[in-house]
Each structure stands twice: as C-alpha cells, then as structure tokens.
Amino acid sequence: MKPKNQRLVLVSAALVAVLAAVLLAMWGLRDRASYFYTPADIAGGKAVHGRAVRLGGMVERGSVRHLADGVTIRFVVTDGKASTPVVYRGITPDLFREGSGAVAEGRLQGGTFIADTILAKHDERYMPPELGNLAAEHKAGKTLQK
Amino acid sequence: MIAEAGLAALWLAAGLALYQFVLMILSLRGSIEVSRTMRAIAVVQGALTLIAFAALIVVFARTDLSVALVAENSHSAKPFLYKVAGAWGNHEGSMLMWVTILSVAGAFLALFSRRTSERTLIAGLGAQAALALGFYAFLLVASNPFARLNPAPLEGAGLNPLLQDPGLAFHPPTLYVGYVGLSIAFSLAVGALLTGEVDSRLARAMRPWVLGAWIFLTLGITAGSYWAYYELGWGGYWFWDPVENASLMPWLAATALLHSVGVLAARGALKAWTMMLAVIAFSMSMVGTFLVRSGILTSVHAFAIDPERGAFLLVLLAIYVGAAFALFAWRGASLKEGAPFELISRETGLVINNLLLSVVLGIVFLGTLYPLFVEALSGEKLSVGAPYFNAVAGPLALILAVLVGIGPLLAWRRERRPVLKRLRIPALIGGTALAITIIIAPEMTILPRLGLTVAAYLAAASILPLTGRNPLRAPLATWGMVVSHFGIAVALAGMGANAAFTSERLAIVKPGDTLSVGPWLVQLQQVTPMAGKNWTAMEAELLASRGHGPVTLKPQTRYFSDPPTDTNEAAIETFWNGQLYSVIGKPDQSGGWQVRLWWKPFVTLIWAGGALIAIGGALALLGRVWRRRRRRPDWRRERYA
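Residue numbers (our numbering), protein chains in the order written: chain U, 1 to 146; chain W, 1001 to 1641.
Heads up, a few of these hints could be off.
Claimed, not checked - To spell it out: a stretch of chain U is covered by chain W in this simulated footprint if at least three of its residues, at any positions, have a beta carbon under 8 Å from a beta carbon of chain W; those stretches are:
#1 13-19
#2 58-70
#3 75-87
#4 106-114
If you are wondering where the hints come from, they were derived from the structure by calculation, not from laboratory data. The beta carbon of each residue, even a glycine, is placed where N, CA and C say it ideally should be.
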C-alpha cells in the first residue's frame, strides 16, 4: 500500500470503529437502560410492566414486614404523593431503615415491585442524586403546604 | 501552622507551574535557552506538592480538628492507618493527591527523560504545567484541603466505615498513579504535535510512561474489584458502577495506546493515531475524575453532590480536551505517515486490536454517560447497568481475546507464513473445553460458555511466541507480553467459571442448623457480640465441611457509632478450586439469623489473571529499561537506526 492509501484506509477504519461503537451502544441502550421512577410515576402508569426499572423513594415508617421464610421482606416506598409495595428477597443493605431513602432495582409485577437489588444510603452523606432532588422537592412541597 | 505551610507550598507550586508554562511559550516562539531552567522548575514544583501532601497527612495523623477537612472526615478514635489513609479518603484530599502525582510525574519526566529531543521535552513540560495549573486552580479556589474551622469542634465526624479497610490505603493511590501517569503521554503527545517531532524516538520515550501507568491502572482495577467483592458483601466482583467504568475507560484507552506506541516505536507507523490515543487516554482519566468527583452519576462512590465543583471540573475538562483536539486537528494532518505495511502483518493486527478496544471504549463511554445525556435532554432519569455492558461489550471482548492469540504470531510489515497452522493445538484445546462445558453443564448460558472456551484456547495460544526458540533467550519484553496475554486467559476463565458454576444459598438459620451450598455443608454454631476500637458487631461462627477437615468462617455485621452506620463483613475462605463466601444479615424474632452463602468455583482466577496482566507489564517495563541502560552510552546512535 502507498502511504497515502494507507492513511485513507486507517482513517476510514477509525471512522467505522466510531460508527460501530455508536450503533452498538444505541442498539444496546434501546431496551437495556432501566428508567428511574418514583411511586407517583408508577401510580401514573409511566412504568412498563415486566421491564427492568429503578424505583426510588422513602421507606414508609412501620411498613417493613418479614415473611415466614425470614429472608423475604415486604415494605412500601413512598414519595409523599403515592406509594408502591415492594418485595425483596435478600439481606437488606447497610442503613436500610424505615423512614430513610432507598432505591430498588427490579421490575413491576401486578402492582407490586419485585426488587432484585436494593441500594440504600451508604453513610449519612451518601444520597443518590435522583433521591437528593426528590428529598429537596419533598421538603419544598411540605413548606408550601404549611 | 502545618496546614498553612501546606497551603503556601501549594500556592508556590501553582506560581511555578504558571512560570513553567510561560517559559514554554517563550521558548517555542523565540530561541531562548530554557531547558535547564524548565527542568529545575518542574522538579521544585513536584517537591512543593509533595510537601503540601505531606502536610495534609500530618494534620490527619494528628487529628488536628481545627482543619475543616479533618473535622469532617476523621475521628480521634480511628486506627492510625485509617487516619493517614483518611487524608485521601475524601474529595479535597484525593484531589490534592491527584495534583501531587501530576507534578511529581512532571518532575520525573524532567529528571529522567533522555530520549526525547530538548524541544519536545520543553513543550511537553509546558503542557504538563498547563495541566497542573488548572488542577491547582481547582484545589485553591474550589476545594481547599487546608481550610481552617473556627472554633474547632471537640470531635471529628468520622469516616465512612465502608472505607475503613486496608483497601482504601492502597487502592486509590494505585489507581491515581495510573490515571495521572497517563498525563505524561498526553503532555509528550501535545509537545510533539507542537514541535512536529512525532517519530519512533518520541514513541520510545513515551512507552515506559504508558507501560508504567497501565501497570498501575491494571493493579488498581484488580485490587478495586477484589475490594468491592469482599467489602460490599454482594458476592460480585464488577458492578458496572459509573466509578468502576471511570477506571476501566482509561485502562481501555491505555491498553490501545500501549499497543500502538509499540508500532510507532518499532516501525514509525501510526503516528497520528498514536498521538490521538495519547490524548484520549488522559482525557478518559479526566472524564473519570469528573464523573467521580462531581458526583453527577448515581454511584456508591459518589459522596456528595456539589454542582460548583462539578462545573469547575467540566470546564477544565473541556479546555484541555478541546485544546488538545484542536492542536491535533491543526497539526495532525501535517504528520507524514510512516513505514507502509501489508494487509497481513503485525501492524494490521495491532490496528485491529486498537479498533476493537476503541469500540469497547466507546460502548462503555456511551453507556456510562447515557443517563446524563437523557436527563439533560428529556429530564427522564435512568440507569444503565450490567445487562447493557455484558451484552454489548462482552462479545467484542471475546472476539478481541481470540485475536490476542493470533496477533503476536504475525511478523512486522508482511507475514507470508501460514500463521493459522500454528494455532491448531490451541484451537483443539478450545474445542475440547467447549465440548466439556456442553457435557457437564448443558444449561450454561452462551457468554460464560464461550468465555471458558476462549480462555482455554488463549491459555495455549498466548505461549506460542515463546515456542520454536529457546524461551530463556527471548527478550524480557516478549516474556512480558506472553505473561499478560496468558493473564487475560486466566481472568477470563475465572469470570466464566464464576458466572457458570456459582451456587448461592440464602436462608434464616438458628444455631445448630445446617445449610448446603455447592459441595459444602455449613452449620451455624453460634452468634456472639464483639467489640472493636470504634465498632461493635455480631459475629457468627460457621462450620463448613465437604468430607474432610472442616473450616470455620466468621462473618460479622458491624455497627459503627461515628457516624452511625452498619456494614456486613463477609468471611471468605479460599481453596485451590474456589472460594466459600459467607455473609450474616439480621436476626428475626425467633432467634434465627439471615445467612447468605456462595460457593464460587475458581473465582480467584479473576484477580490472579489481573495480577498476571500487571506482572507481564512489569516484565516488559523492566526489559525496556534494562535494555536502555545497556544502550545508554550510545543512545545517540539509536536515533538513526
């Protein structure tokens, strides 16, 4: 190959690579990204049943119940406007508490959220950005109500 | 007083960086002789940042609570090691560490670089100073680690107990050396683009830096993966967390750069390409820093949301990446393309390696940033996790692993021998592995099955470059390549085995009850309260056996009082053929405890593979440096070789 052709081939190869990456990523993201919803979104029917989504909100006080097998829990996540029941099998993460924030990953089945993973705050300062905004909105809402 | 001294050192270093940058511009425009001055300034600047960093460590070691950072992140009751490590376990301290490594790397470049031309070195040092300048500004304006608190509180607010682990002491520094080591490749590329001296000499100067940074990145990622595995108690080793991706992206770019810089060094080809990769690699480091430090993405690593800092970092990122790309667009076209090569040649193999790595990099990059784009454009919030990355990047990584077996067999410039013939035995081994997985585990999913197949093939194919000659006389660099490529096979085997053969058990058990997981029978003996220096815990005693000599595992659930947090301390027992992983959860009303067990066959191969990859890199680096030592008296001759 002449050097000039060689460069042309290399540049086109690089362009093809970039294009391939973008196309593959777009294809992959179309049905593999999981959307973040609040209980109000779910009450409004925004979440598609059976698809992987994230649910975020506050764990309602007094809502955590242990099922008979000892490792499955039911609780209710609320954002102050609506609430969604959640079922989770597993050891709850550090700082999973009633009245504090949590994000559940999983899918919606017949009105109940089946969680595969629960992310809770890892320390007093850690707050998923989505929840940070939510908490701020929640507070603002409360102040308005007063 | 010490805090003020640290701050003063930082201001001085920033001043010197500015001076260094101005000298670079003057010397490129005129012909003033500045190389000695530049080198001296770079060294002093590095020393000053070291002083600042040492000052921060001292105030942390003494728990000087009048320093705001210490009051927020430390506590007098913390073990000494974590007091020291706490210096970089927070935003400001870790940024100071980043800047320190950046300037010290610049100082090393000034001290030890003998291979580049003076002009390129000066331009490179100037670029390094420009980089440092932005991050000094970031520290001094937006994240001063030495800010005082008046009045000083009586006690500190503690440190995230998840981070009270030996992993914290070594993981971030290792990763940062890798991240920031790439800045030298960036600066040398910018310098060479400015002077137009993009040649094999530059590549040989750049290669040890890339290799060194890449070794540290590999170690950092491997250690981080193991840390997450045993500390988070989820039994997983990679979560596709944005922060993990932030370290994976520079690694992918550095891996590509490592291979292309070799082409430039050996054959003088792929000039523009290599410069582009050098710019991209460090840009990925900065993107990573931005993602982690701005806390813009949901991540277990994101400590706080701080839009001002995020915006500052984003502006820095835009300036540096933008300027480097503009320079590339301006000067890149004028680079003469080097020695030509045929379609079937080592060069082509390395180009394909680079293309595949770039595609994987692009996929990880887009997947990591997609949530940001979507939220900015539509306000919708979403997250991208393992299903995307595994499905899209996984197959490409496997294709790449297949090609890793072929590339090293090709000759430079033109390959005429029938190379594929040499791969008969590895192909046979891979085929056998595939057949075995089909027989013993017919229900296995496709990706782990292919992973195990490719691992078996690559383990055999990777050692081919040492066959057909006396392996002891092969250059150290060849040995390094073989060990690294073999390490890929080992890691792949671990990932495949873990995905395919892990058994898991989760149940509530009372003392005396027995659970079975994989080949193991595990009995809960008792649960007893414990106390450490700054925590209390419930510790379970589990007796595990599989026919012969039982072993005891003692997982804990710990409670820290400052700040109030609880953590699961997994207990892991390692055997030659896998790990038994145990976690204890919460009690129920009837005196039972949640216990979660995993039997993970050959999971340790994942990190053993990572370690081998890094060791291979170290061998190659040693080989290069040693050869250079031997040649040093006549290094001038090399220029014309």
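Structure-based check of each hint:
1. Restraint check on the stretch 13-19 of chain U versus chain W: 5 residues with Cβ-Cβ distances below 8 Å, three needed, restraint holds.
2. Counting residues of the stretch 58-70 of chain U whose CB lies closer than 8 Å to any CB of chain W gives 3, so the stated coverage by that chain holds, three being the minimum.
3. Counting residues of the stretch 75-87 of chain U whose C-beta lies closer than 8 Å to any C-beta of chain W gives 0; at least three are required, and the coverage claim is violated.
4. Only residues whose C-beta sits within less than 8 Å of a C-beta in chain W count toward coverage, and the stretch 106-114 of chain U has 0 of them, not enough to reach three; the restraint is violated.
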